[in-house]
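Asker: Here is what each chain is made of, one letter per residue.
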Amino acid sequence: MTTRIALLLLVMFLQAGCSIKPWVKPYERSRLADPVMNAAGHPVAESYMNHVHQAREAMRGAEGSAGGGCGCN
Amino acid sequence: MQLMRAGWILLLAVPLCVRAAVLPEDRFDLLGHQYDGGGMQIEGPSVLVRKSFADTVAVSANYYVDEVSAASIDVVTSASPYTEKRTEKSVGLDYLRGKAIYSFSYGNSKESDFEANSAHFDLSQDFFGDLTTLTMGYSLGKDEVFRSGDNTFSDEAERRHFRIGLSQVLTRDLVASVKAELITDEGYLNNPYRSVRYLNSAGSYSFEPERYPRTRTSEATTIGLSYYLPWRAGLHGEYRMYDDSWGIDATSWQVKLIQPLGQRWTLETRYRRYNQGQADFYSDLFPYQNAQNFLARDKELSDFDSTVFGVGIGVQFNRAERETFNRAGLHLWVDQFQFDYNNFRDIRVTTLPGQEPLYSFDATVTRLLFTIWY
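Quick mapping for you: the protein sequence lines, in order, are chains A and B.
Here this note's numbering is used: the first residue of the first sequence is 12, the next is one more, and so on.
Here this note's numbering is used: the first residue of the second sequence is 33, the next is one more, and so on.
FYI, nobody ran anything at the bench for these hints, they're computed from the structure.
It is possible that some hints are incorrect.
What the hints assert, rightly or not - DEER-style ranges, computed between Cβ atoms: (1) B/142 - A/34: 35 to 45 angstroms; (2) B/60 - A/16: 55 to 65 angstroms; (3) A/34 - B/196: 18 to 28 angstroms; (4) B/262 - A/34: 58 to 68 angstroms; (5) A/37 - B/262: 18 to 28 angstroms.
What the hints assert, rightly or not - Dumping the calculated BS3-like pairs for lysine-lysine here, alpha-carbon to alpha-carbon at most 27 angstroms: (6) B/174 - B/131; (7) B/142 - B/174; (8) A/32 - B/131; (9) B/142 - B/83; (10) B/142 - B/117; (11) A/36 - B/131.
Claimed, not checked - If the Cβ cut is set under 10 angstroms, some of the chain A residues that face chain B in the computed set are: (12) 22; (13) 33; (14) 45; (15) 53; (16) 54; (17) 58; (18) 62; (19) 63; (20) 68.
Here the structure is a predicted model, which means the values were calculated and not measured.
All C-beta atoms in this analysis are idealised placements derived from N, C-alpha and C, irrespective of residue type, glycine included.
This is chain A alone, in the form it adopts within the complex (with noise of 0.2 angstroms):
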C-alpha cells in the first residue's frame, strides 16, 4: 500500500514537473551575468585561499559553491 501511494506522488510530481516552464526568462538575467554574482571570479586566487584553508583544517571536499548556472551567455 505504502508503495502505490509513493507510486502514485511519484508520477504527480514528474507530472507537475512537465507543466513548469523556466521563470526567469534570458532577458532578465542579467544581473545574475554581472560580475559582482560570481564569488570565484579570479580562478587562481580563489584556488590559493582554498589551498590555506586546507593545510590548516581537517575538513576538504565540496569547495566552493558550484559554478554556473544563470545561463547568461
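Given the structure of chain A, go ahead and fit chain B onto it with the hints provided.
Answerer: Frame of chain A; chain B shown alone:
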C-alpha cells in the same frame, strides 16, 4: 610533505570553477602569494594561462610554487627549522558540446620528500532553460612519500574523489547551489616527521612517532546562496558540513560581499568561521607509551576554531583597441586568520605536563594578482 595534502585542492579547483555551458575566459594570471603566521612563511608565484579555440575547446596550464621557511611550534619543539620548496604543474582541457562542458586535467606536485600525480574529470550540464546546472566529477591521485635523511623509507597512498553539484537560478537576483564530495584515501597517510607525546615514569613526557590508520573516507556538503543587492553588489553566503571515518566533524560558514566602486574599482570583504572536533585517536598528551593502536598529536586533527576577516581591492582597465588584449586588472587581497586550539598545548612553556597554556596564533595571507584578458 604537509603541504601536499592541501596542494590537491589547487588541482581540483580550476575545473570546478567553470561556469556551465560557457568556456572559461581567455586570460593570463600572475599571482604572488604570501602566508605569514605561526612561525611559517610561505610564498611564491602562481601562473595560469587559458586559451580557447573555435568556441568549443579551451586549454589551460598552471605553474605554482610554495617556498617554505618553517619554524612552527611543531618544528621548534621536536625538530629544527627548515626550508622547503614545492612545485606544482598542471594542464587542463575543457570541451564544450551543446549545453555540456567536459573538463580533463592532470597535475604533478613535487617536494624533496613527496611526489603526487593526479588526474581529474568533470562534467557540467545545463538544463531546464539553463536555470539548472548539474556538475559531476571524479579524481584519482597517487602519492609517493619519502623521509629526508632516511633512504630506507618510502611508501605510497592512493586518493579517489567523487563529487556532484547542482546550482539553481531561483529568481532574477538569486542563485542557490549545493555540492557534495566523497574522498577515500588508502595508504600511508601520516606525516613521517611528526610525534606524539606521552607521560613517562619520571613524571615528565617523552615523544614517539605518530601512527595513523591507512584508510580514511570523508564526506563534505556545501550549500551556497548568491544574491544581487539592489545597489549593484553581490552578496555570497556559504555553509559547509564535514565528517570523516577518523571521527572528525567540522562546519564552516562564510559571507562575502563584492561591491563595485564606480566603473573601474571593486571592493571585496569576507568573514569566515570554522570549527572542528578532534580525531578519535588524537591526544595532546597520551597517558603512557603505545597507549593505543593509532596515535596523533597533529594540531590540524585537534579540536579548534578559526576566524578569517579579509579585504580586497581591485582595479580594471578596458582597452578600445583589441588586437592584443582587451582588459587588464590588478587585485590585492589581505586576509587575517586567527586560530584557537582547544586541546593542543603550547609546550614551549615549561610547567607540569598537561598544564601548559592552550596554543593559538594568527596569520596574514596576502595575494597580489595581475590579469590580462585577451
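Asker: Take a quick look at whether residue 142 of chain B and residue 117 of chain B sit within 27 angstroms of each other, Cα to Cα.
Answerer: holds, 8 angstroms
Asker: Quickly compare the C-alpha distance for residue 142 of chain B and residue 83 of chain B to 27 angstroms and report which way the hint goes.
Answerer: Holds, at about 26 angstroms.
Asker: Is 18 to 28 angstroms a correct range for the gap between the Cβ atoms of residue 37 of chain A and residue 262 of chain B?
Answerer: holds, 22 angstroms
Asker: Should the interface hint for residue 33 of chain A be scored as holding, given a Cβ-Cβ cut-off of 10 angstroms against chain B?
Answerer: Because about 3 angstroms separates residue 33 of chain A from the closest Cβ in chain B, which is inside the 10 angstroms limit, the hint holds.
Asker: Using the Cβ atoms, figure out if residue 34 of chain A sits within 18 to 28 angstroms of residue 196 of chain B.
Answerer: holds, 24 angstroms
Asker: Holds or violated: is there a CB of chain B closer than 10 angstroms to the CB of residue 45 of chain A?
Answerer: Hint on residue 45 of chain A: holds, closest Cβ of chain B at ~7 angstroms, below 10 angstroms.
Asker: Please test the hint of 35 to 45 angstroms on the beta carbon pair from residue 142 of chain B and residue 34 of chain A.
Answerer: violated, 50 angstroms
Asker: Would the hint on residue 54 of chain A stand, with a C-beta cut-off of 10 angstroms toward chain B?
Answerer: holds, 5 angstroms
Asker: Next item in the hint list is residue 58 of chain A. Is there a CB on chain B closer than 10 angstroms to its CB?
Answerer: With a minimum Cβ separation of about 3 angstroms from chain B (threshold 10 angstroms), the hint on residue 58 of chain A holds.
Asker: Close enough to count: is the Cβ of residue 62 of chain A nearer than 10 angstroms to one in chain B?
Answerer: holds, 5 angstroms
Asker: Take a quick look at whether residue 32 of chain A and residue 131 of chain B sit within 27 angstroms of each other, Cα to Cα.
Answerer: holds, 18 angstroms
Asker: So, residue 22 of chain A near chain B? Judge it on the closest CB pair being under 10 angstroms.
Answerer: violated, 19 angstroms
The structure is inconsistent with the numbered hints 1, 4, 6, 12, although it conforms to all the rest.
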